[in-house]
Amino acid sequence: MPAEHMGRLPFRLRYIFAVSSIVFLATLAISPVKDLQREWKHYKRGYVRFAEQRPDTKRLLADVHPDIDQIWLPEMNVVDRCTTCHQGMTQPSLADASVPQPFRAHPPMPHSPTEWGCTICHRGQGPATEVAEAHETTLAWEQPLLSVKFIQGSCGSCHQGDLAQTPKLNRGRQLLAEFNCIGCHRLAGVGRPVMLGPDLTRIGSKTSREWIYKWLKEPRTITDANGNVTVNGYETEEAPRMPQFKLKEEELRALSAYLSSLRGQPVPPYSFNPRLVAALAKNPEAVTQGEVRFRQMFCSTCHSLAVTRAGETKLIGGDIGPELTKVGSKVIRDWLVAWLRDPQAYLPHSKMPRYEWSDEDLFRVTRYITEQLTDSDLLKDVPALPDPASEEIQKGRQLFLEKGCASCHHIDGVSPQKDFGPDLSALGAKNVSQLEFSQSKIPRTLLAYIQAKITDPSSVNTAARMPQYHLTADDLDAVTIALLAMTGPPALPGLRRLVVERQEPAFQPAGAFGKVYERYKCYVCHKFNGFGGDLAPDLSYEGSRARRPWIADFLKNPQTLRPTLVLRMPQFNMTRQEANILADYLSMTLQHPSVDLEAADAQKFTPQMAALGKELYEVKYQCQACHTIGSTGGYVGPNLTNAGNWLTPAWTEAWLRNPQALVPGVIEPRRSFTEEEIRALAAYLQTLRQGAKPTTGAASHGAGQ
Amino acid sequence: MNRRRASVLLFCLLTAVAGCRKQPSAPPSPADRAYDVEADWNDPQRMISLGYRAAQGKRIFYTQCVWCHADATPAGPSNRSNVTPTPPLMNDGATLNKETDPTLRNAIALGGSALGKSAMMPPYGRTLTDEEITDLIAYIRAIAQPLYQPPAQPAAGAAGK
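Chains A and B, in that order, are what the protein sequence lines are. Be aware that the first sequence starts at 1, since it is given in this note's numbering, and climbs by one per residue. Be aware that the second sequence starts at 706, since it is given in this note's numbering, and climbs by one per residue.
If you are wondering where the hints come from, they were derived from the structure by calculation, not from laboratory data. Note that the structure is a prediction, hence the values are computed from the model and not measured. No residue lacks a Cβ here, since even glycine has one placed at the ideal position from N, Cα and C. Please note that a few of the clues may not be correct.
Stated by the list, open to error - In silico DSS-like cross-links for lysine-lysine, where the CA-CA straight-line distance does not exceed 25 angstroms:
{"no.": "1", "chain 1": "B", "residue 1": "K822", "chain 2": "A", "residue 2": "K351"}
{"no.": "2", "chain 1": "A", "residue 1": "K441", "chain 2": "A", "residue 2": "K418"}
{"no.": "3", "chain 1": "A", "residue 1": "K246", "chain 2": "A", "residue 2": "K403"}
{"no.": "4", "chain 1": "A", "residue 1": "K380", "chain 2": "A", "residue 2": "K248"}
{"no.": "5", "chain 1": "B", "residue 1": "K822", "chain 2": "A", "residue 2": "K614"}
{"no.": "6", "chain 1": "A", "residue 1": "K380", "chain 2": "A", "residue 2": "K314"}
Said to hold, decoys possible - Some chain A residues well away from chain B (every beta-carbon gap over 10 angstroms; in silico):
{"no.": "7", "residue": "I151"}
{"no.": "8", "residue": "E210"}
{"no.": "9", "residue": "R568"}
{"no.": "10", "residue": "K620"}
{"no.": "11", "residue": "Y621"}
{"no.": "12", "residue": "C626"}
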């Protein structure tokens with residue numbers, strides 16, 4: 001275009017040029033101004049102003065510079081710019097609650113933020129530089145900040161085992177295991193037990209169709225909407241077992257028809273000595289005697305019963321086995337006799353010990369259970385159920401698979417559907433876009449999804465097959481935390497290194513001891529080298545602690561001097577030979593490496609030493625605050641009335657030097673006794689002997705554990 | 706006329722979009738921001754928020770101290786009545802608030818006899834670490850009734866070092 005033409009541009013066009021240039025320049029000028037106004041710069045300046053008012057300004061401002069701060073850990077995929085605004089995070093002088101956020105110091109904790117970054121635990125968006133984008137869910141960022149209430153879920157992503165510092169996470173994992181979630185879902189870090197629900201292959205020989213109908217309609221354990229658990233109508237602390245399925249009348253009929261048809265191989269009924277039966281059947285005392293034996297054998301350590309005291313009915317007893325208040329209305333007597341004689345013959349994975357029974361006891365106890373532990377009203381509202389038709393049985397079998405019963409209950413010849421429920425082992429790492437919310441009105445976050453799903457499975461999916469669980473608010477949070485911890489296998493090698501594997505201890509002794517140990521199921525209550533239950537004392541070093549004769553006597557006749565304890569060692573009626581096998585193994589094999597039984601010799605204790613020990617015990621150290629001798633003293637630690645017969649001198653001395661070295665985490669504090677004091681105290685304890693009857697080491701049961 | 710209507714419409718749309726984006730979420734309650742909570746011993750309805758430290762102190766309390774410093778224990782009856790003189794309840798602010806952090810630390814670490822009090826309070830200095838004792842004091846302060854007021858001076862004593 002020639003130049004003269006340019007000069008002749010219409011005025012209107014020139015005007016537009018001029019205006020647009022001005023607008024363009026103005027726009028350019030806005031951006032540096034806008035840049036100055038960025039949110040993070042506002043906080044940076046705010047921190048400087050705040051620090052200037054503090055007495056230690058110089059230290060607080062030592063590392064402050066005007067740019068974005070970031071923690072960059074490439075192997076963990078961490079780019080966290082949180083410290084840009086959270087400036088005082090590592091300043092101990094800013095720990096006080098009066099310091100305004102975002103400048104407050106991070107509370108002290110096991111992992112340093114500079115080594116770990118922030119988002120590994122807190123989630124949120126590390127690279128974001130705006131408050132909303134860093135903390136909340138926005139269109140482009142999917143991971144909102146995790147509230148501190150749920151933060152233990154992050155610990156669990158790496159720590160697959162339980163940590164003392166994370167009680168809510170541990171509780172959540174325990175609940176996932178107790179509710180048998182693993183029956184239908186794939187989970188991470190929750191072990192699959194050998195038996196989820198009872199094996200039902202022969203349920204028809206154990207109970208009636210009416211009882212099955214009633215149970216399916218209203219399981220014995222019911223949890224109400226507030227999370228209160230009732231067993232047979234009595235409130236309890238027990239965890240619920242079978243959840244309540246919402247079944248229709250015809251489904252109840254079909255399932256009860258199918259299950260009651262399962263009889264398996266008929267077990268020949270045990271024939272008692274007829275003369276004994278004749279004598280006992282006429283004896284009106286037999287049932288009462290059965291009750292006495294039931295109590296003496298401490299069945300209540302594992303099974304609870306409803307007891308009415310002062311007008312209030314409470315369940316008393318343990319929760320290892322089922323509650324038995326109305327069991328007499330459930331079981332068929334021949335089945336009960338066979339079960340008590342050999343539980344594992346009916347249920348190979350049962351935790352119930354195989355007791356040694358005399359015919360008298362067996363007869364009396366089964367009479368007591370089937371005649372006294374009953375409820376005539378239990379089956380009142382069950383309709384008349386005729387002999388099942390074969391199509392009803394067929395339908396029941398189909399329902400058994402469709403409802404997911406087969407995921408927890410084994411029946412010979414019925415194979416459960418694989419992966420009945422969704423895989424939850426990486427639920428905690430799911431983005432919102434991967435979750436199905438359907439029509440529900442809950443916030444679109446993972447946290448809200450998990451809580452809604454557990455509270456009411458049909459809220460986010462109307463076709464959900466999952467039964468309804470009623471959890472208390474605390475338990476709901478705990479389960480949520482445990483599910484958040486399941487973030488799947490870590491994607492990066494750097495993260496993979498951080499995973500602390502769960503350790504599964506095992507203790508399966510062989511030989512004669514192994515047989516007796518398995519027969520009486522010692523591991524259900526006692527721990528051996530980290531394996532087993534924690535109801536009763538850890539026996540890993542029992543051979544160093546207790547004298548062999550005491551162990552053998554105790555096994556024959558377990559007693560406790562603690563009247564307050566409900567849960568005590570059952571009376572197994574074991575033979576002298578079995579008691580000797582257990583005592584030999586415990587005393588020779590289960591020893592602590594640092595306790596030399598030869599080193600401390602009770603022969604060297606003198607009466608003077610014992611007298612000094614008594615004075616130390618009673619006056620200087622006042623051990624009676626926690627230990628009882630005779631009838632006085634506290635009950636935090638074990639009763640020492642029979643310490644001389646019970647404890648070995650070597651163990652006593654080693655224990656007084658450092659209790660935690662022998663039993664980690666034990667609550668008796670480590671003192672700074674002199675060697676002379678230790679010998680004196682050991683000498684005194686060795687003088688404490690009760691007559692022939694052994695007392696208990698099991699006294700540490702309650703408080704001591 | 707048309708243009709004007711269009712611009713008004715555009716303005717409304719933009720406001721609406723902006724409104725959607727900046728939806729203020731309800732601030733979480735203090736208990737939701739706490740690592741753990743403990744029910745007030747005197748008023749079980751009131752939940753006390755515990756930070757990470759105090760939450761660890763709670764765990765130590767319920768393993769080591771609860772037997773003599775509470776009226777109910779996880780194992781049933783309390784040992785408190787067997788101990789003379791009766792030990793203070795751990796939430797007894799009237800007794801414990803006036804003790805400074807270093808005094809409480811000494812009582813826990815060195816035991817009663819070192820402070821001229823009952824020897825029935827054993828020393829925990831060789832059982833608990835310094836950090837665990839700090840956690841425990843944080844817990845004692847958190848559950849105190851009446852409430853514990855930290856000393857006015859934000860001295861180094863507050864950090865316990």
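Taking the numbered hints from earlier one at a time, note which ones the structure violates and give those numbers from smallest to largest.
The structure breaks hints 1, 2, 7, 10, 11 and 12; every other hint is satisfied.
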